[in-house]
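Peer 1: For reference, the chains in residue letters:
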Amino acid sequence: MSTTTAVVTPDVTTAAGSPSPQGPPRRRSHLRKRLELLLLLGPATVLFVAFVFFPLVAASYYSLFDWNGFGPLTRFVGFDNYAKALGDPLFQGAIGHNLFIVIASLVVQLPLSIALALLLNGKIRGRTGLRLLVFAPYVLSEAVTAVIWLSLLQPNGVVDGLLESVGLGGLVQLWLADQSVVMFTIFAVVTWKYIGFGIILFLAGLQGVPEELREAAQIDGATGWQTTRLIVLPLLGPTIRIWVFLSIIGSLQLFDLVWIMTLGGPAGASTTMASYLIDRGFRRYEFGFGSAVAIILFVICFVFALFYQRFALRRDTQGAITGRVE
Amino acid sequence: MNTRSIRKTVAVSAVAILSMGALAACAGDGADSADGTTTLTFWHNGTAEPILSIWQDAVDEYEKANPDITIDVVPIQNEDLETKIPLALSSDSPPDIYFSRGGGQLATQVQSGQVADISEFTSDWLGDLGTATENWAVDGVQYGVPYTSQVVGFWYRTDLFEQAGITGAPTTMTELHDAVDKLKAAGIAPIAVGGKDRWPDAFYYNTFAVRECDEDTLKKGLAEADLSDECFTKAGQDVIDFIATEPFQEGFNGTPAQQGAGSSAGLVANGQAAMELQGTWDKSVMQGLTDTDLDPLLGWFPFPAVEGGDGDPSATLGGGDGFACTQEHAEECADFLEFLSNDDIQTKLVESEVVAIPVKEAAAATISDPVMKSVYDFNTDAAYVTTYFDVALPTGAGSALNDAVANLFAGQGTADSVAEAVKAAK
Chain A
1 MSTTTAVVTP DVTTAAGSPS PQGPPRRRSH LRKRLELLLL LGPATVLFVA FVFFPLVAAS
61 YYSLFDWNGF GPLTRFVGFD NYAKALGDPL FQGAIGHNLF IVIASLVVQL PLSIALALLL
121 NGKIRGRTGL RLLVFAPYVL SEAVTAVIWL SLLQPNGVVD GLLESVGLGG LVQLWLADQS
181 VVMFTIFAVV TWKYIGFGII LFLAGLQGVP EELREAAQID GATGWQTTRL IVLPLLGPTI
241 RIWVFLSIIG SLQLFDLVWI MTLGGPAGAS TTMASYLIDR GFRRYEFGFG SAVAIILFVI
301 CFVFALFYQR FALRRDTQGA ITGRVE
Chain B
327 MNTRSIRKTV AVSAVAILSM GALAACAGDG ADSADGTTTL TFWHNGTAEP ILSIWQDAVD
387 EYEKANPDIT IDVVPIQNED LETKIPLALS SDSPPDIYFS RGGGQLATQV QSGQVADISE
447 FTSDWLGDLG TATENWAVDG VQYGVPYTSQ VVGFWYRTDL FEQAGITGAP TTMTELHDAV
507 DKLKAAGIAP IAVGGKDRWP DAFYYNTFAV RECDEDTLKK GLAEADLSDE CFTKAGQDVI
567 DFIATEPFQE GFNGTPAQQG AGSSAGLVAN GQAAMELQGT WDKSVMQGLT DTDLDPLLGW
627 FPFPAVEGGD GDPSATLGGG DGFACTQEHA EECADFLEFL SNDDIQTKLV ESEVVAIPVK
687 EAAAATISDP VMKSVYDFNT DAAYVTTYFD VALPTGAGSA LNDAVANLFA GQGTADSVAE
747 AVKAAK
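The listed protein sequences derive, respectively, from chains A and B.
For the first sequence, counting from 1, position 197 maps to 197 in our numbering; every step adds exactly one.
Remember, our numbering sits 326 above the position in the second sequence when you count from 1.
No wet-lab data here; the hints were simulated from the structure.
Where is the CB? At the ideal position from N, CA and C, for every residue including glycine.
Watch out, some of these pointers could steer you wrong.
[What the hints assert, rightly or not] Listed next, the stretches of chain A that the computed footprint assigns to chain B, with coverage defined by at least 3 CB atoms under 8 Å from CB atoms of chain B:
1. 63–72
2. 174–180
[What the hints assert, rightly or not] Computed Cβ-Cβ distance ranges for the label pairs, DEER-style:
3. B:Asp-707 to A:Val-299: 56 to 62 Å
4. B:Asp-707 to A:Leu-163: 49 to 55 Å
5. B:Leu-413 to A:Val-172: 35 to 41 Å
6. A:Leu-73 to B:Thr-497: 50 to 56 Å
7. A:Val-158 to B:Leu-413: 33 to 39 Å
8. B:Asp-406 to A:Ala-188: 25 to 31 Å
9. B:Asn-596 to A:Val-147: 15 to 21 Å
10. B:Thr-409 to A:Pro-111: 35 to 41 Å
11. B:Gly-586 to A:Phe-54: 38 to 44 Å
12. A:Leu-152 to B:Asp-406: 18 to 24 Å
All chains, full assembly: derive it from the sequences and hints.
Peer 2: Structure below.
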């Protein structure tokens, strides 16, 4: 990432800032650059304003009203919707469920995908096939994944049958119907779907670890584990930080899998912030309230992204995102 | 600027303008084309056969008779409609004809200002459809038209009842409990329920309330979204007590209602559960989920009488399916709905067993299956039919009711909690 920046940055600064010996041509090229920038960014800006910025402003406005989605906005309630949402035990539970997925992902998926990436990076037989296999679930849409697992997990279904056939019948659960089990089931499906993505990301990251460093370490007498811990993992740092970022944002917005597999049930045991939002907005026609929930979700993600970028991603993205581009 | 860069600039601007044009094109609905034909959009929930073909054939026939009308048919899965309709009604281009169950749900949708008053276009022929049409009127204004009425009762497998040694269909709660015990003893899951979807759970609370409350209390309670009367509390307790007898299949809180062989309808269709409390449409849903011919295997009985309840034992929970119209092509929509309710299509619906209770009495004569006939007769003789609570109540309260009953099924809440949830959502 930093290599790309190094190439781009000087070019931009020269064009914009540094004095040029010839007046008029510099000016023209400067204008042209602006024009090109405008034209090239135009479509993206239009799309951004239409599908991100405008809905955001609209939702913040709607969130101040008691509104069922139809007719004029007449019942202004200020921040009541926010207070109601944050005070609702079901929504508090939903935040808890999202946090569970966030933490479980960091604790389980991260080490697992790094370990598998290290394994698949070595010279083992059938490596390509294995890589394909772990990546396959990521290609499926969440909806398809959910439908597949919904049928696999039904009582006396394929999963139960498999467990029984290998003598683990005692582990059989009401995967989606038991309130104390359902979040673990959903996390397992999330892991099944997204682990391939993590592995591919880390495999790519591992390509950036110079072979000479490993060799040098070997010559110095480091064991395989020492090499991994002291050389490979630190160099994988930027990739890990990006993965953590994507994983947390994804976990906070978890929706499709939950909606199709459980509708947030039973009794709210698998409700996430996003499923709560859709349930209130579209099933109960509480659009004002739903908008408030959407803004809460947005603020949580936005604040997290901001802080994460400021503190964790700082080194990785120096100049690329936070740098001065005029 | 040299020619090359000019060309480049022009090309880039063209792309930018084109992409904005494409965006604008997305927004338009293009309902009326230049050649004078009108295009209507028609959303229905008949995604499975045979009803999918029945609606498509009807549309083809209608288009042939009306060359100036084109109808875009969009079949949408039942559960998806719940979210798609409000979204469409808050947009600028809602469908011209859309599936509707009437009641408080339709009344909520009317507030969008998009639903059309079709009173003047239907007044000539609406009377032919009987009193079922009242459910598609709000404050005396007609917004839609039904094509079928429905009642909720127990569908059961006669072969499994026989296997468990049950001689007759239960008529009292005691007999129902007895049947449940016998089925359990025979190793058969007594009752299947699609708890994941919540509304099937609510059928239990609703039917218990129909048995516990007298007609006036029911009507008043639903009209005012106020279920504080003691009889509703009794209904809540009845649900809790009934769940305590463990009559349902394993993992019922995670079971979908009508999708796939693992759904509650699928379990009964494939002989893995003996009963299901469902609406009249359930037979055709079940038949779609199995290769076995269900005709000789299925029976039906109404929800049993509840001892000490104030409700008439012949009263029932029910409702209907129909379509509503939106403003832009209200007249064309009403004309199409008149066509849909003709005897020919009504008969086709009855013969395919999609519809047990047609809105046209003439079509009822063609009901050949004795079980379907008994359902029809029960509905015809019912003292009164109370609309599904979630449809009768304003949408927010109805949905809150379903959630609260689903919580009872998951072991959470008290006899009062349903009424409290409705009050809070009002």
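Peer 1: With reference to the structure, classify each hint as holding or not holding.
Peer 2: Each hint tested on the structure:
| no. | hint | in the structure |
| --- | --- | --- |
| 1 | 63–72 | holds (count 4) |
| 2 | 174–180 | holds (count 6) |
| 3 | B:Asp-707 to A:Val-299: 56 to 62 Å | holds, 58 Å |
| 4 | B:Asp-707 to A:Leu-163: 49 to 55 Å | holds, 51 Å |
| 5 | B:Leu-413 to A:Val-172: 35 to 41 Å | holds, 39 Å |
| 6 | A:Leu-73 to B:Thr-497: 50 to 56 Å | holds, 53 Å |
| 7 | A:Val-158 to B:Leu-413: 33 to 39 Å | holds, 35 Å |
| 8 | B:Asp-406 to A:Ala-188: 25 to 31 Å | holds, 26 Å |
| 9 | B:Asn-596 to A:Val-147: 15 to 21 Å | holds, 19 Å |
| 10 | B:Thr-409 to A:Pro-111: 35 to 41 Å | holds, 38 Å |
| 11 | B:Gly-586 to A:Phe-54: 38 to 44 Å | holds, 39 Å |
| 12 | A:Leu-152 to B:Asp-406: 18 to 24 Å | holds, 22 Å |
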